[in-house]
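So the protein sequences, as listed, match chains A and B. If you're matching positions, the first sequence starts at 1 in my numbering and goes up one per residue. If you're matching positions, the second sequence starts at 1 in my numbering and goes up one per residue.
One should not assume that every hint holds.
Distance condition first, Cα-Cα at most 20 Å in a straight line; then the derived EDC-like pairs of lysine to aspartate or glutamate [to be verified]:
no., chain 1, residue 1, chain 2, residue 2
1, B, K155, A, E146
2, B, K155, A, D148
3, A, K112, B, D141
4, B, K149, A, E25
5, A, K156, A, E123
6, A, K119, A, E187
7, A, K119, B, E140
A few chain B residues facing chain A, derived, Cβ under 7 Å [said to hold, decoys possible]:
no., residue
8, L142
9, I144
10, P146
11, R148
12, A150
Everything labelled a hint here was simulated from the structure, so no lab data went into it. Model, not experiment: these values are computed from the prediction. For each residue, glycine too, the CB sits at the ideal point set by N, CA and C.
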Amino acid sequence: MSDDAATPAGPAMPPYVPDFGNEAERLTPVDLPDQTAAYRIVMPGILQTGVDTVLAMSRKSSLWPMTFGLACCAIEMIGTFMANHDLDRFGIVPWPSPRQSDVMVVSGTVTKKMAPAIKLLYEQMPNPKYVISMGACATNGGPYTEYDRVLQGVDKIIPVDVYVPGCPPRPESLLDGFLRLQEKIMEEKRMVG
Amino acid sequence: MSAEARTAEPEIAALVRERLPDVPFEVSETKTYTDLRVAPEHLLALATGLRDDPELAFDLLRNVVALDMEEAGLEAKYHLYSFPHGHALQITVAAPIPGCELPTLTGLYPAANWHEREAAEMVGLVFTGHPDPRNLLLEEDLRIHPLRKAHPLQKPEILQGIEDGPPGVEV
């Protein structure tokens, strides 16, 4: 290995000055709406408990996750939807549009190039909407910690309800994440949106 | 692979020296390739000779690798393969220091187009005469070179408890 260019007599390399453009603006977190329940204003008091229980039960029984995958966790997510683990029996049916979806399963590494697209998809989903962060990469960067081009956790840009650990998580873990999300919906029944 | 491993011996370097006597280069051996190190001004002549000579006939550009050698500047490595003869070769070019400019090989090998775009955005080589010098993988408005050794890393985050820092990081 000869390094002719390593002779100190030659000119030095110019200093490296990265220009990030307007990336910081693209990675700002989403604006959350004021999530006060509308029915509390319309119907104060009397029907409150019954209505939100019924709404939450119907809501948790038809969670439609949006169909998209980012990395290898998506393979486990697809396996969870298939016949062996069969998410359909919980009413969890993949839906190929953000407009009618309830849950967003962020399955995989969120790069900084992909982050604005995820933010846009989240903003296109109607309220109430939930986010499951699947796997170590989506939770905090995972094995890509300190790496510059990977967002260190999807909760930097969108709010996350359930974190599923694993690299990648087994289908049972994702199933448990969905069940925990159902529990969470039953616990906080107030968000009608 | 076995035929390639048989022929990827120093005789390929001797053959190149015999067929292209005008191009100066240094020969070294790596684990997979015979490496020819040329000066940037001889790169186009060497690549043209390697492609067009019937005895050499390197008709496939397998890969373009760009390296940051820190104070020694930037390097590009071209991996070539010959379908008619089954031999392979690696060309190493050290880019001239202030400008880091290399001539493009897109006119010889169309496969060089995207490889050179990736090398240009990842370590900051400048391929003169490239027909489409946009970013390939990064966003279009970014002018950063993430595979430079000097590229800043992100700060590691402490998520749970102040005493649970990652190993080796002072909290």
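Checked hints:
1. B:K155 with A:E146: The hint holds at about 6 Å.
2. B:K155 with A:D148: Cα-Cα ~9 Å, so holds.
3. A:K112 with B:D141: It holds: about 13 Å lies between the C-alpha atoms, which stays within 20 Å.
4. B:K149 with A:E25: Violated, at roughly 26 Å.
5. A:K156 with A:E123: Within the cut-off at roughly 15 Å; holds.
6. A:K119 with A:E187: Judged against 20 Å, a Cα distance of about 26 Å means the pair is violated.
7. A:K119 with B:E140: holds, 19 Å
8. L142: holds, 5 Å
9. I144: holds, 4 Å
10. P146: holds, 6 Å
11. R148: With a closest approach of 5 Å, the R148 of chain B hint holds.
12. A150: Given a least distance of 4 Å, the restraint on A150 of chain B holds.
Against the hints set out earlier in the document, violations occur for numbers 4 and 6.
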